[in-house]
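Participant: Please construct the entire structure, taking both the sequences and the accompanying hints into account.
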Amino acid sequence: MSFGELLSVIGLCLAGWFWLDCIRMREIGVQAARAACRREGVQLLDDTVATRSLRFARDDEGRACLQRVYEFEYSNSGNDRQTGSVMLRGREVVMLDIGPRASNVVSLH
Numbered sequence: 001m002s003f004g005e006l007l008s009v010i011g012l013c014l015a016g017w018f019w020l021d022c023i024r025m026r027e028i029g030v031q032a033a034r035a036a037c038r039r040e041g042v043q044l045l046d047d048t049v050a051t052r053s054l055r056f057a058r059d060d061e062g063r064a065c066l067q068r069v070y071e072f073e074y075s076n077s078g079n080d081r082q083t084g085s086v087m088l089r090g091r092e093v094v095m096l097d098i099g100p101r102a103s104n105v106v107s108l109h
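Numbering-wise, the numbering used here puts 77 at position 77 of the sequence shown, and it's gapless, one number per residue.
Among the clues, some could well be false.
What follows is a set of in silico ranges between Cβ atoms, one per label pair, in the way DEER data are often shown [claimed, not checked]:
1) Cys13 x Gly78: 40 to 48 Å
2) Gln31 x Gly78: 43 to 51 Å
3) Val9 x Gly41: 45 to 53 Å
4) Ile23 x Phe56: 16 to 24 Å
5) Ser75 x Leu54: 41 to 49 Å
6) Ala35 x Glu5: 44 to 52 Å
7) Asn76 x Leu6: 51 to 59 Å
8) Glu61 x Gln31: 20 to 28 Å
9) Cys13 x Glu71: 29 to 37 Å
10) Ser77 x Ala35: 28 to 36 Å
In case anyone wonders, no lab produced these hints; they're calculated from the structure.
Think of the CB as a built atom: it goes at the ideal place given N, C-alpha and C, for glycine as much as any other residue.
Facilitator: Here it is in structure tokens:
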């Protein structure tokens with residue numbers, strides 16, 4: 001196997017790992033959004049979240065990690081759509097925001 005082929009295989013493995021990690025973190029985001037909507041008595045629409053941002057950050061212990069922000073939509077009455085967000089730093093949910101009301105911003109730190 002040539003050096004170029006080896007680099008290609010390593011690159012494909014890293015891309016596959018990153019893709020699977022994104023799926024796992026998205027599922028954590030969905031679970032957090034679902035729990036927040038249940039707690040607030042609103043309906044999570046489409047039962048999914050969408051990636052808003054992905055960047056490098058530092059966790060509470062100073063280690064480099066990925067910070068992901070996901071958006072989701074929910075409804076108070078079934079006739080409206082509101083936007084919320086959930087932020088993950090590494091594998092930890094660090095913030096949930098449901099709606100424009102500042103009282104519903106939950107910081108987990």
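Participant: For each hint, tell me whether it holds in the structure or not.
Facilitator: Hints, verified against the model:
1. Our hint of 40 to 48 Å for cysteine 13 and glycine 78 holds, since their Cβ atoms are close to 45 Å apart.
2. Separation of glutamine 31 from glycine 78 is about 22 Å and departs from the stated range, judged on CB atoms against 43 to 51 Å.
3. Evaluation of the 45 to 53 Å hint for valine 9 and glycine 41 yields a pass: the beta carbon distance comes to about 50 Å.
4. The hinted range of 16 to 24 Å is satisfied by isoleucine 23 and phenylalanine 56, whose Cβ atoms lie roughly 20 Å apart.
5. Checked against the given bound of 41 to 49 Å, the beta carbons of serine 75 and leucine 54, roughly 27 Å apart, lie outside it.
6. Distance hint check for alanine 35 and glutamate 5: the Cβ-Cβ separation is about 46 Å, which falls inside the suggested range of 44 to 52 Å.
7. Distance hint for asparagine 76 and leucine 6: a CB-CB separation of about 55 Å, consistent with the stated range 51 to 59 Å.
8. For glutamate 61 and glutamine 31, the Cβ-Cβ distance of about 24 Å falls inside the hinted range of 20 to 28 Å, so the restraint holds.
9. Separation of cysteine 13 from glutamate 71 is about 30 Å and conforms to the stated range, judged on CB atoms against 29 to 37 Å.
10. A hinted range of 28 to 36 Å for the beta carbons of serine 77 and alanine 35 is inconsistent with their spacing of about 20 Å.
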